[in-house]
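For this one, chain A is given, so just place chain B on it according to the hints.
Order-wise, the sequence lines are chains A and B. Position in the first sequence (first residue = 1) + 159 = my numbering. Position in the second sequence (first residue = 1) + 108 = my numbering.
Some hints could be false.
Derived pair list, reagent style EDC-like, types lysine to aspartate or glutamate, alpha-carbon separation capped at 20 Å [what the hints assert, rightly or not]: (1) B:K326 with B:D342; (2) B:K326 with B:E162; (3) B:K259 with B:E274; (4) A:K316 with A:E378; (5) B:K253 with B:D265; (6) B:K210 with B:E119; (7) A:K316 with B:D186; (8) B:K253 with B:E274; (9) A:K316 with B:D277; (10) A:K377 with B:D186; (11) B:K210 with A:D205; (12) B:K326 with B:E308; (13) A:K377 with B:D226; (14) B:K253 with B:D277; (15) B:K210 with B:D226.
Calculated from the structure, these hints are not laboratory results.
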Amino acid sequence: MSERTTDKEQDHVYERSMGSGPDLPNLDEVDLEPHEDGPEAGLWSDAWAVLRRNPLFIVSASLIVLFIVMALFPRLFTWFYPGEQNVEACSLSLSSNVPGQGRPSAEAWFGYDIQGCDYYLRVINGARISIFVGMFVTVGAVIVALTFGSIAGYYGKTIDALIARITDVWFAIPTILGAIVLLSVMGNRGVPQVSMVLIVLGWPSMLRLMRSSVLSTKEMDYVLASRALGARDRRLIIKHIIPNSIAPVIVYATIYVGVIISAEAALSFLGVGVQLPAISWGLMINTASARIINAPHLLFFPGLFLSITVFSFILMGDALRDALDPKLR
Amino acid sequence: MSTTVATGPAEVAGHTTDPDAPLLEVTDLRVEFRMRHGTVVANDSVSYALEAGETLAILGESGSGKSVSAQAIMGIIDSPPGFIAGGSVRYRGVELLTMPEKQRRTIRANHIAMIFQDALTALNPVFSVGFQIAEMYRVHQGVSKKEATEKAIELLDRVKIPAARERIDHYPHEFSGGMRQRVMIAMALALNPAVLIADEPTTALDVTVQAQVMQLLKELQQDTGMGLILITHDLGVVAEVADRVSVMYAGRIVETGSIQDIYERPRHPYTLGLMESLPSMDSRGTRLEPIPGSPPDLQNRPTGCAFHPRCRMARPRCATDDPPLLTIEGAGRSSACHYHEEVHLERG
Numbered sequence: 160m161s162e163r164t165t166d167k168e169q170d171h172v173y174e175r176s177m178g179s180g181p182d183l184p185n186l187d188e189v190d191l192e193p194h195e196d197g198p199e200a201g202l203w204s205d206a207w208a209v210l211r212r213n214p215l216f217i218v219s220a221s222l223i224v225l226f227i228v229m230a231l232f233p234r235l236f237t238w239f240y241p242g243e244q245n246v247e248a249c250s251l252s253l254s255s256n257v258p259g260q261g262r263p264s265a266e267a268w269f270g271y272d273i274q275g276c277d278y279y280l281r282v283i284n285g286a287r288i289s290i291f292v293g294m295f296v297t298v299g300a301v302i303v304a305l306t307f308g309s310i311a312g313y314y315g316k317t318i319d320a321l322i323a324r325i326t327d328v329w330f331a332i333p334t335i336l337g338a339i340v341l342l343s344v345m346g347n348r349g350v351p352q353v354s355m356v357l358i359v360l361g362w363p364s365m366l367r368l369m370r371s372s373v374l375s376t377k378e379m380d381y382v383l384a385s386r387a388l389g390a391r392d393r394r395l396i397i398k399h400i401i402p403n404s405i406a407p408v409i410v411y412a413t414i415y416v417g418v419i420i421s422a423e424a425a426l427s428f429l430g431v432g433v434q435l436p437a438i439s440w441g442l443m444i445n446t447a448s449a450r451i452i453n454a455p456h457l458l459f460f461p462g463l464f465l466s467i468t469v470f471s472f473i474l475m476g477d478a479l480r481d482a483l484d485p486k487l488r
Numbered sequence: 109m110s111t112t113v114a115t116g117p118a119e120v121a122g123h124t125t126d127p128d129a130p131l132l133e134v135t136d137l138r139v140e141f142r143m144r145h146g147t148v149v150a151n152d153s154v155s156y157a158l159e160a161g162e163t164l165a166i167l168g169e170s171g172s173g174k175s176v177s178a179q180a181i182m183g184i185i186d187s188p189p190g191f192i193a194g195g196s197v198r199y200r201g202v203e204l205l206t207m208p209e210k211q212r213r214t215i216r217a218n219h220i221a222m223i224f225q226d227a228l229t230a231l232n233p234v235f236s237v238g239f240q241i242a243e244m245y246r247v248h249q250g251v252s253k254k255e256a257t258e259k260a261i262e263l264l265d266r267v268k269i270p271a272a273r274e275r276i277d278h279y280p281h282e283f284s285g286g287m288r289q290r291v292m293i294a295m296a297l298a299l300n301p302a303v304l305i306a307d308e309p310t311t312a313l314d315v316t317v318q319a320q321v322m323q324l325l326k327e328l329q330q331d332t333g334m335g336l337i338l339i340t341h342d343l344g345v346v347a348e349v350a351d352r353v354s355v356m357y358a359g360r361i362v363e364t365g366s367i368q369d370i371y372e373r374p375r376h377p378y379t380l381g382l383m384e385s386l387p388s389m390d391s392r393g394t395r396l397e398p399i400p401g402s403p404p405d406l407q408n409r410p411t412g413c414a415f416h417p418r419c420r421m422a423r424p425r426c427a428t429d430d431p432p433l434l435t436i437e438g439a440g441r442s443s444a445c446h447y448h449e450e451v452h453l454e455r456g
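This is chain A alone, in the form it adopts within the complex:
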């Protein structure tokens, strides 16, 4: 009923809003939205529809699946390989330390390393540690972030102040430097130790993201409405807060896998990651760095695999962000 309407219209509007029952349109006939039997919609199914049509997603998802399969079942990539039987049989006579020897060839696609081991087999088997550490650390950090981030964001007040301040203090510890300190005092460093240290140092950024996301979600009307309909805190957090605030965390977590994989490689390169005889891309790069002129293939192949892995997780993160962030749609 704005002033813009003419008098005639005003009368009309007045009648309609003040009008009584009999003049009302039949409830069963009007307001019937044509409902298409299309695919079911929701944040996740909408996101999936967007993702399916995004070539970046297709590429990154295929690469990620490839590397995960490589980590789980390396033999799938080696059974057809001509040098397969050489897997345990390294021969110093093939060492690439000898000038002009051990270069990539038809028999040894990636050449041989300085121990005379087949480098293709080593690079394939190196995927496991990188992928596992990346996944373990990310899952660990996400669990910490979801639990404490939603508690802090939802309950607010003292508990939030406590969690947020501890997070800030923790956040100030540089991840790589902190990891060097912690790992250098450990005698035995394997995947569990490296993962643990990276989780311990890596959760704050994820938690801060989750907390801020929860802070904006908890102001939504449906949270208030659900409370008005008798929901208790735990239900509100699990059913309303987490599903509606998890999207940015998922995006970040995907990129984070890539970040952790490169962090693991960096630690191995610096000599505080996993130890020999474990096979890891970081360790290979470490060994290769001194021979970059004589045997560049030793640096090239693990470096290439590492870069492609990190790249595909970051690409995937971007694709997810495009699909999940409604502001960009």
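Using the frame of chain A, we list chain B on its own:
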């Protein structure tokens, strides 16, 4: 489904009810928002009572504190900064304000339910409407998933959502505004509450859909005998369904009365102003009279009567004496104006 709730159980959350008490009674409610830069009194001496089967409209402009009183009844005021500084809210004679949160929660939805202005934001976007309604039964009554879904379909049918069985798997954003509000109403009515608080239920809807939703609420009320508190700024909506009206201004009730009294013989200049700003059949060709000025800042409440700076009847006394809400012309009729007897003379 349509069981009568008017009599209700003799016990509410472990407290014995008083059969003679009104269904819902709010007395001298005072709600403050304590902010760093001062305290805002959003509700001051707010009192009203609701009987079963009755519709009470709380009328007021934005910021008059009408939604705050509803949230105080539900116990969902954000605290801090919101505090209930005094008064009482009694449901069938049982005091709610002092009740522990655990008992209070059982009151919500089972006895008193609430629907919100914008049903799109009041429904969780990541779950289907069927899931959200069925959840009410699963959580509160512990029925199986299948049975809860059947009940949800039944309920959607009852709020006249066509093809309820198919639409149960749809998400909130796939519904039109009116349909969404019906879903919200269905959720609120799932457990047969005795009191339904509708906070601007039709504000986000267009006029024809408004009428349908109000009609639906009216029918559901007749079926169940529930008491309805309708919070609105829309005089048209009030005229359609309300039995009694309480007009709020600046956090206080300034006039109460039956719907006829309020429309035909307003006893407060603010109510009169509201009526005159409404187009009517016999105002053809004349200008509508808006109320001059804007609502007061509750932190700097005007002295005396809060409405006096905007009141055309204002006299010196109005700026100094704060008029109390006094009963006039018998029960259920009150006005907080020093000159309430002269208000009708002002009518143009």
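Of the hints given before, which are not true for this structure? 9, 11 and 15
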